[in-house]
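Asker: Starting from the structure of chain B, add chain Y where the hints point.
Protein chains: 2
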Amino acid sequence: MDADQQWKKQCLNKLDHSKKSSVDEDIEHVVILLNSCEEYFTTSSCSGRIILIDGVSGSSDVHKQNCVWLFVSHQKCKSEDLISGLARSSADAVLKFEPFVLHVQCRQLEDAQLVHSVAINSGFRNSGLTVSKTGKILTAVRSTHGLEVPLSSKGKLLVDHDYIHFITNIANKKMEENLRRIQRSVLEAEEEGGEKQKEEKNKTTVYKRRRKREQHCQTDCCHGDGSSSAPDLEDCLDLFT
Amino acid sequence: MDADQQWKKQCLNKLDHSKKSSVDEDIEHVVILLNSCEEYFTTSSCSGRIILIDGVSGSSDVHKQNCVWLFVSHQKCKSEDLISGLARSSADAVLKFEPFVLHVQCRQLEDAQLVHSVAINSGFRNSGLTVSKTGKILTAVRSTHGLEVPLSSKGKLLVDHDYIHFITNIANKKMEENLRRIQRSVLEAEEEGGEKQKEEKNKTTVYKRRRKREQHCQTDCCHGDGSSSAPDLEDCLDLFT
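If you read the protein sequences in the order shown, they are chains B and Y.
Just so we're aligned: 98 in full-length UniProt numbering is position 98 of the first sequence, and the numbers increase by one with no gaps anywhere.
Just so we're aligned: 139 in full-length UniProt numbering is position 139 of the second sequence, and the numbers increase by one with no gaps anywhere.
For reference, chain B alone in the conformation it holds in the complex (with noise of 0.2 Å):
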């Protein structure tokens, strides 16, 4: 077993540390796409989800563990799935619309980017990359999506049930356009793995020089300058196997 291998097999035990213990059913396609991939793994991930939670609005840093929560659904909603949760708020309940979510840890910055690529691409503008103390690179696929409404104070609700119903609508517009943005990033990717064969075709001389060079370098180099250690996209692609 090469040191790859090894390094996958290491983080695939450590998988899923989540109360759920299982993906979201809209996602496991890309999960299990992703997972399939030598360079990568997925380590937290959320289909996307409408939430009402019942806490202290004015704090200044709300944790959503010390939250009750009224209601959660992955799916569509119904503004009565809202309405009977309210009824049960004691404090600052509010209803928000969390879009999909995903961290994919990646054995190479240039993995890390083509993930990053191919989320930008469908549309979640807030993705980027975490490069750690320790050297591990993930990538965070994030949207810009949201939607945060405060609905009662002290238990006391502060709208009225038509308002209720146009928030409920709003809130499943925002999750079909969530699905819609999931996949396009299947389709992305699988058009970045069309375009990955072409290029491995092509390039079969350039990436066994490049290679030969890595080996040279391995365990002489550290640190080049930005151009170097953040090569061309383009670039990458025939070091991507």
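Simulated from the structure, these hints should not be mistaken for lab results.
Any given hint could turn out to be false.
As the list claims (entries may be wrong) - Below are the EDC-like pairs computed for lysine to aspartate or glutamate, each with C-alpha atoms no more than 20 Å apart in a straight line:
hint : chain 1 : residue 1 : chain 2 : residue 2
1    : B       : K96       : B       : E192
2    : B       : K173      : B       : D24
3    : Y       : K133      : B       : D24
4    : Y       : K156      : B       : D24
5    : B       : K173      : B       : E148
6    : B       : K133      : Y       : D162
7    : Y       : K76       : B       : D162
8    : Y       : K173      : B       : E148
9    : B       : K154      : Y       : D24
10   : B       : K156      : Y       : E38
11   : Y       : K96       : Y       : D24
12   : Y       : K154      : B       : D160
13   : B       : K154      : Y       : D160
14   : B       : K156      : Y       : E177
15   : Y       : K136      : Y       : E38
16   : B       : K173      : B       : E190
17   : B       : K96       : Y       : E38
18   : B       : K76       : Y       : E148
19   : Y       : K78       : Y       : D162
20   : Y       : K133      : B       : E98
21   : B       : K173      : Y       : D162
22   : Y       : K96       : B       : E98
23   : Y       : K78       : Y       : E177
24   : Y       : K96       : B       : E148
25   : Y       : K133      : B       : E192
Stated by the list, open to error - Partial selection, computed: residues in chain B whose CB lies under 7 Å from chain Y:
hint : residue
26   : Q113
27   : G128
28   : A140
29   : E148
30   : V149
31   : G155
32   : V159
33   : Y163
34   : I170
Unchecked claim - Label pairs and their in silico Cβ distance ranges:
hint : chain 1 : residue 1 : chain 2 : residue 2 : range
35   : Y       : I32       : B       : N35       : 40 to 48 Å
36   : B       : D81       : Y       : V186      : 25 to 33 Å
37   : Y       : D162      : B       : R88       : 31 to 39 Å
38   : B       : K154      : Y       : K76       : 17 to 25 Å
Note that CB positions come from ideal geometry on N, CA and C, so glycine has one too.
Answerer: Frame of chain B, contents of chain Y only:
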């Protein structure tokens, strides 16, 4: 003029493409601090704002440029401001609180890691790096702190004035917390600066050795493995001049 200075000069010529052509008052010191460093320059920024925009909330891809801006404030606001803005709504008005956002172009990956680390430690949890196709490295500083409340539909108000008063308070509290986080990021950056100076004193020999290795590798080495292209943050500090 060496290559790095040339890089910085070229970049500075391109600064501030915003309509406003000036930096928001509350973050002027952050932008000045970053631009005084050789390794960084800021490409866009917003200190945080409360906005009221009028558009079509049901459309799948809402672009702010297609909306009417009924009200904008980079400071705390009064419910009267929002009420008079809403009086001019003819479509679907939405109140948003948008927190501090900052894009910093960085010379090297390790410089970007440092900004990212300061941002995360200050509470800007949605921050992330972008490495473009051309090798340009950006750190985006982003917060999870938001608010997005639909208030009118086809020009008709959906809530009462008490609710608008309530929501104004929430938006203002978010603005206060936002400014606290910005201040925390300046303190974090100063702390990192102090650590950096200590590291520089202790690691002169290591630093010189690294520079030698870099010079040796710059023309020869393009791609290391994950650990070499993404060194520990501690490793980077002595390269942070």
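Asker: Determine for every hint whether it applies to the structure shown.
Answerer: Hints and how they fare:
Restraint check for K96(B) and E192(B): not satisfied, since their Cα atoms lie roughly 33 Å apart, outside the 20 Å limit. Under the criterion of a C-alpha separation no larger than 20 Å, the hint pairing K173(B) with D24(B) is consistent with the structure, at around 19 Å. The straight-line distance between the Cα atoms of K133(Y) and D24(B) is roughly 32 Å, outside the 20 Å bound, and the hint therefore fails. For the proposed pair K156(Y) and D24(B), the alpha carbon gap of about 38 Å is over 20 Å, so the pair is violated.
A C-alpha spacing of about 14 Å is found between K173(B) and E148(B), which places the hinted pair at or below 20 Å, so the restraint holds. Taking the CA atoms of K133(B) and D162(Y), the gap is near 48 Å; set against the 20 Å cutoff, the hint is violated. The straight-line distance between the Cα atoms of K76(Y) and D162(B) is roughly 29 Å, outside the 20 Å bound, and the hint therefore fails. Between K173(Y) and E148(B), the direct Cα distance comes to roughly 15 Å. Compliance with the 20 Å bound is thereby established for this hinted pair.
Between the alpha carbons of K154(B) and D24(Y) the distance comes to roughly 36 Å, so the proposed pair goes past 20 Å and is violated. For the hint pairing K156(B) with E38(Y), the CA-to-CA distance comes to about 54 Å; that exceeds 20 Å, so the pair is violated. Of the supplied pair hints, the one linking K96(Y) and D24(Y) holds, its CA atoms being roughly 18 Å apart against a limit of 20 Å. Note on K154(Y) and D160(B): the hinted pairing holds, with a Cα-Cα distance of about 18 Å set against a maximum of 20 Å.
A threshold of 20 Å between alpha carbons decides the hint, and for K154(B) with D160(Y) the separation of about 18 Å falls inside it, so the pair holds. Proximity of K156(B) to E177(Y) is assessed by CA-CA distance (about 25 Å); at most 20 Å being required, the pair is judged violated. Of the pairs offered as hints, the one joining K136(Y) and E38(Y) holds, with about 15 Å between alpha carbons and a cut-off of 20 Å not exceeded. Simply put, K173(B) and E190(B) have alpha-carbon atoms about 26 Å apart, too far for the 20 Å limit, and the pair is violated.
A C-alpha spacing of about 41 Å is found between K96(B) and E38(Y), which places the hinted pair above 20 Å, so the restraint is violated. Using a Cα cut-off of 20 Å, the hinted pair K76(B) and E148(Y) holds, with the two alpha carbons roughly 19 Å apart. Restraint check for K78(Y) and D162(Y): the C-alpha separation of about 13 Å stays at or below 20 Å, so the hint holds. At roughly 29 Å between alpha-carbon atoms, K133(Y) and E98(B) are farther apart than 20 Å, so this suggested pair is violated.
Using a Cα cut-off of 20 Å, the hinted pair K173(B) and D162(Y) is violated, with the two alpha carbons roughly 27 Å apart. For the hint pairing K96(Y) with E98(B), the CA-to-CA distance comes to about 15 Å; that is within 20 Å, so the pair holds. Distance check on the hinted pair: K78(Y) and E177(Y) sit about 17 Å apart at the alpha-carbon level, within 20 Å; holds. Annotation: proposed proximity of K96(Y) to E148(B) holds, straight-line Cα distance about 9 Å (limit 20 Å).
In summary, the hint linking K133(Y) to E192(B) is supported, as the alpha carbons are separated by about 14 Å, within the 20 Å threshold. The beta carbon of Q113(B) comes within 5 Å of a beta carbon in chain Y, closer than 7 Å, and the hint placing it at the interface holds. For G128(B), the interface hint holds, since its Cβ comes within 7 Å of a Cβ in chain Y; the closest pair sits about 2 Å apart. Using the Cβ-Cβ criterion of 7 Å, the hint placing A140(B) at the interface with chain Y is satisfied: the shortest such distance is roughly 6 Å.
At a threshold of 7 Å, the smallest CB-CB gap from E148(B) to chain Y is about 5 Å, leaving the interface hint in force. The criterion of a C-beta within 7 Å of any C-beta in chain Y is met by V149(B), whose closest approach is roughly 5 Å, and the hint holds. About 14 Å separates the beta-carbon of G155(B) from the nearest beta-carbon of chain Y, more than 7 Å, and the hint is not met. Interface hint status for V159(B): upheld, as the beta-carbon distance to the closest one in chain Y is roughly 6 Å, under 7 Å.
Of the supplied interface hints, the one on Y163(B) holds, with its beta-carbon coming within about 5 Å of a beta-carbon of chain Y, less than 7 Å. Given the 7 Å rule on beta carbons, the hint for I170(B) holds: about 6 Å separates it from the nearest Cβ of chain Y. A C-beta distance of roughly 45 Å is found between I32(Y) and N35(B), which places it inside the suggested range of 40 to 48 Å. Checked against the given bound of 25 to 33 Å, the beta carbons of D81(B) and V186(Y), roughly 44 Å apart, lie outside it.
Range check, D162(Y) to R88(B): about 22 Å between beta-carbon atoms, so the 31 to 39 Å window is missed. At roughly 23 Å, the beta-carbon separation of K154(B) and K76(Y) lies within the given 17 to 25 Å, and the hint holds.
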